[in-house]
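Chemist: Take a look at the letters that make up each chain.
Number of protein chains: 2
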Amino acid sequence: MAATGGRSEPPRLPECGCSYVVARPVYSELAFQQQHERRLPESRTLRERLARSCSCSRKRALRVVKTLLPILEWLPKYRVKEWLLCDIVSGVSTGLVGTLQGPFPVVSLMVGSVVLTMAPDENFVISSSNGTALNSTTIDFAARDAARVLIASTLTLLVGILQLIFGSLQIGFIVRYLADPLIGGFTTAAAFQVFVSQLKIVLNVSTKNYNGVLSIIYTLVETFQNAGNTNLADLIAGLLTIIICMAVKELNDRFKHKIPIPIPIEVIVTIIAAAISYGVDLEKNYNAGIVKSIPRGFLPPVLPSSNLFSEMLASSFSIAVVAYAIAVSVGKVYAIKYDYTIDGNQEFIAFGISNIFSGFFSCFVATTALSRTAVQETTGGKTQIAGIISAGIVLIAIVALGKLLEPLQKSVLAAVVIANLKGMFMQVCDVPRLWRQSKTDAIIWVFTCVMSIILGLDLGLLAGLIFGLLTVVLRVQFPSWNGLGSIPTTDIYKNTKNYKNIEEPEGVKILRFSSPIFYGNVDGFKKCIKSTVGFDATRVHNKRLQALKKIQKLIKKGQLRATKNGIISDAGSSNKAFEPDEDVEDPEELDIPTKEIEIQVDWNSELPVKVNVPKVPINSLVLDCGAVSFLDIVGVRSLRMIVKEFQRIDVNVYFASLQDHLIEKLEQCGFFDENIRKDMLFLTVHDAILYLQNQVKSREIQDSILETIALIQEGKDPLELIEAELTEEEFDVQDEAMRRLAS
Amino acid sequence: MAATGGRSEPPRLPECGCSYVVARPVYSELAFQQQHERRLPESRTLRERLARSCSCSRKRALRVVKTLLPILEWLPKYRVKEWLLCDIVSGVSTGLVGTLQGPFPVVSLMVGSVVLTMAPDENFVISSSNGTALNSTTIDFAARDAARVLIASTLTLLVGILQLIFGSLQIGFIVRYLADPLIGGFTTAAAFQVFVSQLKIVLNVSTKNYNGVLSIIYTLVETFQNAGNTNLADLIAGLLTIIICMAVKELNDRFKHKIPIPIPIEVIVTIIAAAISYGVDLEKNYNAGIVKSIPRGFLPPVLPSSNLFSEMLASSFSIAVVAYAIAVSVGKVYAIKYDYTIDGNQEFIAFGISNIFSGFFSCFVATTALSRTAVQETTGGKTQIAGIISAGIVLIAIVALGKLLEPLQKSVLAAVVIANLKGMFMQVCDVPRLWRQSKTDAIIWVFTCVMSIILGLDLGLLAGLIFGLLTVVLRVQFPSWNGLGSIPTTDIYKNTKNYKNIEEPEGVKILRFSSPIFYGNVDGFKKCIKSTVGFDATRVHNKRLQALKKIQKLIKKGQLRATKNGIISDAGSSNKAFEPDEDVEDPEELDIPTKEIEIQVDWNSELPVKVNVPKVPINSLVLDCGAVSFLDIVGVRSLRMIVKEFQRIDVNVYFASLQDHLIEKLEQCGFFDENIRKDMLFLTVHDAILYLQNQVKSREIQDSILETIALIQEGKDPLELIEAELTEEEFDVQDEAMRRLAS
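Residue numbers (our numbering), protein chains in the order written: chain L, 66 to 808; chain G, 66 to 808.
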């Protein structure tokens with residue numbers, strides 16, 4: 066129909082003005098592969114593969130060394146004249162920014178939350194004056210800070226070890242799962258956590274240290290409950306700082322094209338506030354909370370305590386991944402700009418080694434700050450030399466400037482942090498747009514954010530990650546599927562519901578299933594098939610067995626006769642209702658092999674027994690597997706079972722558009738046998754349909770031949786009879802039959 | 066080429082003997098949808114959907130009530146005459162089996178492990194006689210058992226609540242993720258756990274109660290270390306029981322067709338062992354561990370303690386899911402056999418309510434035992450009446466028979482359990498076959514098994530579940546992809562590597578990507594494209610900008626001239642190397658809009674500057690999206706970026722075979738604009754290729770027209786010149802150009 070329609074009705078031409086003419090054989094997969102000489106891919110054995118990947122040469126060794134120590138690559142090529150000046154300028158600028166403006170990093174917060182959880186203030190109470198007012202407890206600050214530094218450095222070491230392991234195992238790809246919506250929700254939750262922790266300081270109230278689920282909410286509630294105890298000096302200083310910082314930042318943003326560099330308002334506010342606090346002696350006069358003492362100099366190397374490892378494993382996992390993800394995503398921005406590539410696993414190893422080393426020197430987990438990277442780039446930095454110089458500047462600042470900040474109010478510092486959170490919170494505005502574009506992505510955003518607030522950042526990230534992966538599985542599991550029909554005069558098959566001029570080939574159902582078939586969705590796949598064909602193959606089979614059993618009983622009783630052409634009822638059709646229709650009849654008893662009975666039943670005609678056997682209006686089912694990207698063993702087993710179930714009720718199942726690697730999978734899993742043959746696979750749906758239509762035609766011709774022979778045997782001239790009765794089309798068929806008979 | 070080849074070379078016919086002839090217009094998605102009157106699906110608003118699903122009618126209400134209380138459905142239809150006798154016979158048999166043979170259920174074990182973890186013996190030590198020997202501690206058994214019953218019943222309540230929640234939220238589908246390999250690995254690990262716990266009892270040695278990671282291994286090691294302290298009477302009784310039970314079970318299995326019912330060896334052994342123990346007084350004479358006291362009667366309802374909930378949440382989650390999964394999988398076997406359907410969520414609700422109720426009566430978590438279900442079915446049970454009767458039998462047995470078993474050795478009971486584990490352990494033999502068929506599935510099996518042993522059953526199941534889902538994500542993430550070429554004289558496009566007679570259309574690359582495009586694999590997708598086309602679009606663009614900048618400099622210096630037809634070097638080609646090729650040049654400075662320069666550069670010719678601009682050998686990229694089953698927002702954004710990057714370097718990107726719902730997704734996410742138009746989408750790859758070939762032809766004609774005009778303007782007769790020079794094909798093109806010019 067589709068194949069010949071093109072001749073009778075010349076197609077209208079679309080804009081492009083060209084037409085599509087194809088004449089080729091109908092291909093089953095097998096015929097196609099044979100005719101076009103499919104080459105099988107050479108499969109290497111495990112041994113060959115090992116030999117290949119472990120082979121060693123001098124060049125290869127050098128490349129490995131350079132991968133591990135990239136400085137060997139770039140330092141010998143350093144162009145002193147061109148680059149050194151740039152690097153110095155850039156290094157100094159970056160160092161100054163790094164000293165003056167401490168941009169808020171997510172990782173600091175995550176480390177902080179671990180430290181606070183594992184070494185809360187309560188653990189270091191020396192004396193408590195019958196503590197009803199929380200302010201009256203005395204805390205051993207020295208012991209507390211020592212414990213906290215130990216925890217932070219142990220965490221750094223563990224993060225380093227994990228990163229090194231990740232890098233060595235080449236699982237840098239893990240970062241791919243940190244999708245944009247997930248990162249958005251997570252950082253917003255992190256901002257909320259920071260906000261709550263800093264709000265406490267601005268109000269200068271203490272709260273209990275809450276742990277675990279919902280701790281941040283409890284802290285927030287208690288902070289507001291205790292808000293009455295606030296120190297007015299701290300609160301006013303904090304609020305002023307927030308207002309000033311946010312206003313100036315707004316101006317910076319609005320006039321960014323007119324002013325050469327943004328006003329470093331944080332630095333200005335900090336210096337002024339420190340000066341005021343020193344001048345008025347806020348601590349003594351107003352009991353304000355000030356920074357008090359900043360340790361100078363450097364701590365000697367300390368062995369981190371490895372027995373803390375088990376407590377902080379989950380957190381350090383999150384931190385390791387997040388720190389790495391931030392660094393790589395910033396790196397990628399510049400890699401694209403400057404046309405180089407980032408080796409994700411090399412980065413992992415670099416961070417790992419650096420953190421392991423830092424862990425022994427009471428250092429903090431290392432990551433990347435986007436703002437400082439931007440400064441280094443815009444001021445013209447060329448190589449890592451700029452990084453070394455900026456580190457030197459920070460070093461000098463730490464040694465020299467610490468003393469000056471000691472009178473500063475803590476609430477001012479906290480307020481500076483809060484003022485910098487605006488951008489993070491503004492991410493919430495993305496959600497409505499996201500919802501319009503993709504509901505799933507919006508849900509990932511909200512879920513990750515809510516979970517990170519409820520469970521804490523580490524478990525929240527993990528929950529978000531798993532949820533994100535689940536949505537992928539769900540999207541695969543609830544795939545779109547539809548029954549297809551053909552667009553007349555073309556080889557195109559489309560969703561029957563979507564088009565007006567669409568027709569379903571007679572006796573054939575076509576089903577397209579747009580997803581992998583695996584353990585998670587085989588049930589759904591079976592349901593799709595059932596609802597496309599309109600009946601349940603197993604149920605049809607059981608009912609037929611039931612009916613057969615009853616027919617057999619009737620034959621034994623002599624009320625029916627089985628002949629070659631079917632069953633003849635001796636008792637007439639009025640006697641049908643011999644037995645009640647038991648729906649719950651035991652199929653065990655029905656287990657009579659149909660071949661022994663040798664009854665030919667036309668299941669679509671009216672049956673002589675009163676069993677409600679569903680009608681099967683089709684003889685073939687074509688599964689369009691063009692969008693099936695993989696199969697697992699459960700999927701293959703289910704497919705096999707489906708084919709068998711349909712074959713039992715005389716419906717053939719054909720597969721179209723299977724990809725080559727899926728055919729291999731089917732072979733491996735023992736899909737094929739004498740009933741499920743490889744010639745059931747067709748190249749396209751249209752190939753399968755043409756094949757089926759041809760089959761029908763062949764059968765018609767065969768029937769005609771038999772009829773003609775019968776007529777001749779009866780002594781009649783078949784042609785006379787035929788010509789009188791047949792329509793033109795029927796005549797064509799008959800005619801061909803005669804010709805075949807003659808040859 | 067493919068379109069016209071059919072005419073010149075008649076195709077050979079394959080076995081099926083039919084051929085494939087199609088003549089239709091070349092369709093872009095847009096043209097096709099217009100011509101064939103695509104119907105848009107009616108999208109209901111949230112409100113309408115709510116109204117629809119919340120609408121209420123008497124019939125509907127009745128259906129809901131019957132769903133909640135299925136007894137209203139079946140009891141009024143009960144056929145007393147036919148079914149009652151069957152139900153009584155079946156109920157009595159099932160009750161007897163249930164009493165005599167306690168088949169090993171996974172759920173009991175999981176509950177037991179929670180109970181032992183939360184209320185270990187150590188918590189109930191009254192006096193310990195300077196305990197070096199573990200046997201000398203005295204335990205407050207009454208308190209211990211009371212605590213354990215409380216824990217078990219609280220667990221039952223919590224499991225019930227979870228199941229009710231799952232059922233109400235309609236997440237019965239969660240069970241689909243319990244794939245066959247996962248269940249196999251999990252039950253084998255469970256069998257191992259049971260084995261270790263029972264081995265301890267057979268040897269009559271005590272061990273510490275280990276918790277958490279690897280506890281089962283520690284227990285096993287300590288059991289063997291203490292094996293010297295074993296009680297010989299218990300050990301011998303245990304070993305004998307194991308040997309006898311396994312031997313008789315083997316016989317049962319071998320002669321199952323010859324003996325009417327299997328020998329209930331467990332019952333026989335138990336009775337004999339109890340008799341011997343009572344007769345010889347094993348407890349006094351040999352210090353054997355006996356059952357001692359079985360409480361009779363029933364406990365009054367007790368309020369479970371809800372403050373244990375948080376401790377047992379993870380375990381009860383696993384138990385809720387596993388108990389349900391077992392029940393549903395057994396149910397499905399019979400649903401298929403008797404042709405009814407199981408409503409997964411109704412089952413969840415039923416288990417939930419039953420467990421919540423039981424929780425208040427010191428009961429155990431309910432699930433299904435396959436063996437007893439089989440007994441009920443084979444003995445002819447028809448309805449739930451049989452279940453009530455069998456429950457009555459068990460009730461009588463509990464009240465009457467408990468006393469008789471008090472002298473039984475515990476080691477005999479443990480040995481009976483061990484003897485029943487054989488089948489579970491035999492599952493290990495599945496693994497090699499699984500490995501041959503599907504490596505991923507084999508790895509899921511092993512991973513779940515190992516994790517369940519290391520982490521314990523609850524966390525192990527969770528780990529296996531997540532790992533299984535991860536493999537799905539990984540299979541989606543590392544999809545197969547390949548460059549396509551056309552099979553001459555057909556409309557078929559196949560992997561270029563797999564076929565001998567395959568050709569790639571000139572200037573076009575075709576890429577097929579067989580998986581969804583989402584956040585997890587966009588990087589991989591970009592890499593696929595890069596490696597298919599052979600260059601990096603961004604890099605080409607950056608290099609071109611670099612070259613342009615240099616050319617502009619040269620033009621300023623007067624060493625080059627920009628004309629309409631390109632760039633003319635005044636200084637000759639020898640002067641090319643004015644500047645070094647800086648690879649790390651700052652693209653910021655290159656940010657010169659190309660339109661301002663208005664230089665036409667033929668990038669594939671040799672450039673007058675020494676910048677290494679990669680050649681772009683193609684003008685079009687066709688992405689075959691037939692196997693892309695979904696897109697997320699990250700995927701759409703990446704696709705958009707890819708199209709833009711290629712358009713910048715004058716390569717057009719076309720999409721073929723996109724499914725309808727993906728086109729909608731693209732629209733929702735704002736994929737299209739004035740440069741990315743909907744007519745870039747084609748119905749099939751062949752449509753796109755035909756369109757492109759036609760475009761090339763049109764351009765040739767246009768060029769010819771211009772050339773002809775130029776000739777005419779120069780006063781020459783174009784035809785004379787042309788005919789002398791052109792090949793036949795070129796002449797055809799020229800001829801058509803002339804005709805168009807004339808019209």
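These aren't lab readings, by the way, just hints derived from the structure by calculation.
Quick caveat: nothing in here was measured; it's all calculated off a predicted structure.
Glycine is no exception: its CB is placed at the ideal position from the N, C-alpha and C atoms.
Some hints could be false.
[To be verified] Derived contacts from chain G toward chain L, CB cut-off under 10 Å, selection only:
hint, residue
1, 554
2, 589
3, 724
[What the hints assert, rightly or not] Using 20 Å as the maximum straight-line C-alpha spacing, the simulated PhoX-like pairs for lysine-lysine come out as follows:
hint, chain 1, residue 1, chain 2, residue 2
4, L, 397, G, 591
5, L, 709, G, 675
6, G, 487, L, 562
7, L, 447, L, 146
8, L, 124, L, 146
9, L, 397, G, 595
10, L, 680, L, 592
11, G, 124, G, 321
12, L, 357, L, 265
13, L, 730, G, 562
14, G, 397, L, 592
15, G, 397, L, 595
16, L, 591, G, 397
17, L, 595, L, 142
18, L, 730, G, 504
19, G, 592, L, 397
20, L, 314, L, 504
21, L, 265, L, 504
22, L, 614, L, 675
23, L, 591, L, 675
24, G, 468, G, 357
25, G, 595, G, 709
26, L, 487, L, 321
27, L, 357, L, 504
28, G, 592, G, 709
29, G, 314, G, 357
30, G, 357, L, 397
31, G, 614, G, 562
32, L, 504, G, 730
Chemist: Does each hint fit the structure? Answer for all of them.
Modeler: Here's how the hints hold up against the structure:
Because the closest C-beta pair between residue 554 of chain G and chain L is about 6 Å apart, less than 10 Å, the hint holds. For residue 589 of chain G, the shortest C-beta to C-beta distance to chain L is roughly 8 Å, which falls under 10 Å, so the interface hint holds. At its closest, the beta carbon of residue 724 of chain G sits 6 Å from a beta carbon of chain L; the interface hint therefore holds under the 10 Å criterion. For the hint linking residue 397 of chain L to residue 591 of chain G, the alpha-carbon distance of about 14 Å falls within 20 Å, and the restraint holds.
For the given pair, residue 709 of chain L sits about 67 Å from residue 675 of chain G by alpha-carbon distance, which is inconsistent with the 20 Å threshold. At roughly 54 Å between alpha-carbon atoms, residue 487 of chain G and residue 562 of chain L are farther apart than 20 Å, so this suggested pair is violated. Of the pairs offered as hints, the one joining residue 447 of chain L and residue 146 of chain L holds, with about 12 Å between alpha carbons and a cut-off of 20 Å not exceeded. Distance hint between residue 124 of chain L and residue 146 of chain L is unfulfilled; the C-alpha atoms sit about 30 Å from each other, more than 20 Å.
Note on residue 397 of chain L and residue 595 of chain G: the hinted pairing holds, with a Cα-Cα distance of about 17 Å set against a maximum of 20 Å. Annotation: proposed proximity of residue 680 of chain L to residue 592 of chain L holds, straight-line Cα distance about 18 Å (limit 20 Å). For the hint linking residue 124 of chain G to residue 321 of chain G, the alpha-carbon distance of about 50 Å lies beyond 20 Å, and the restraint is violated. Taking the CA atoms of residue 357 of chain L and residue 265 of chain L, the gap is about 18 Å. The hint holds against a cut of 20 Å.
Of the supplied pair hints, the one linking residue 730 of chain L and residue 562 of chain G holds, its CA atoms being roughly 19 Å apart against a limit of 20 Å. The straight-line distance between the Cα atoms of residue 397 of chain G and residue 592 of chain L is roughly 14 Å, inside the 20 Å bound, and the hint therefore holds. Restraint check for residue 397 of chain G and residue 595 of chain L: the C-alpha separation of about 17 Å stays at or below 20 Å, so the hint holds. With a C-alpha separation of about 14 Å, the suggested pairing of residue 591 of chain L with residue 397 of chain G holds against the 20 Å cut-off.
Between the alpha carbons of residue 595 of chain L and residue 142 of chain L the distance comes to roughly 68 Å, so the proposed pair goes past 20 Å and is violated. With a CA separation close to 11 Å, the supplied pair residue 730 of chain L and residue 504 of chain G stays within the 20 Å bound. Straight-line distance between C-alpha atoms of residue 592 of chain G and residue 397 of chain L comes to about 14 Å, which keeps the hinted pair within the 20 Å bound. For the given pair, residue 314 of chain L sits about 34 Å from residue 504 of chain L by alpha-carbon distance, which is inconsistent with the 20 Å threshold.
Between residue 265 of chain L and residue 504 of chain L, the direct Cα distance comes to roughly 36 Å. Violation of the 20 Å bound is thereby established for this hinted pair. Distance hint between residue 614 of chain L and residue 675 of chain L is fulfilled; the C-alpha atoms sit about 12 Å from each other, no more than 20 Å. Taken as a hint, the residue 591 of chain L and residue 675 of chain L pair is broken in the structure, with Cα atoms around 29 Å apart against an allowance of 20 Å. At most 20 Å may separate the alpha-carbon atoms for a hinted pair to count; residue 468 of chain G and residue 357 of chain G meet this at roughly 9 Å.
For the proposed pair residue 595 of chain G and residue 709 of chain G, the alpha carbon gap of about 14 Å is at most 20 Å, so the pair holds. A C-alpha spacing of about 18 Å is found between residue 487 of chain L and residue 321 of chain L, which places the hinted pair at or below 20 Å, so the restraint holds. A threshold of 20 Å between alpha carbons decides the hint, and for residue 357 of chain L with residue 504 of chain L the separation of about 50 Å lies outside it, so the pair is violated. Proximity of residue 592 of chain G to residue 709 of chain G is assessed by CA-CA distance (about 16 Å); at most 20 Å being required, the pair is judged to hold.
For a cut-off of 20 Å, the pair hint linking residue 314 of chain G to residue 357 of chain G is broken: about 28 Å separates their Cα positions. Distance hint between residue 357 of chain G and residue 397 of chain L is unfulfilled; the C-alpha atoms sit about 71 Å from each other, more than 20 Å. Among the hinted pairs, residue 614 of chain G with residue 562 of chain G is inconsistent with the structure: their alpha-carbon atoms are about 41 Å apart, more than 20 Å. For the proposed pair residue 504 of chain L and residue 730 of chain G, the alpha carbon gap of about 11 Å is at most 20 Å, so the pair holds.
Of the numbered hints listed earlier, those contradicted by the structure are 5, 6, 8, 11, 17, 20, 21, 23, 27, 29, 30, 31.
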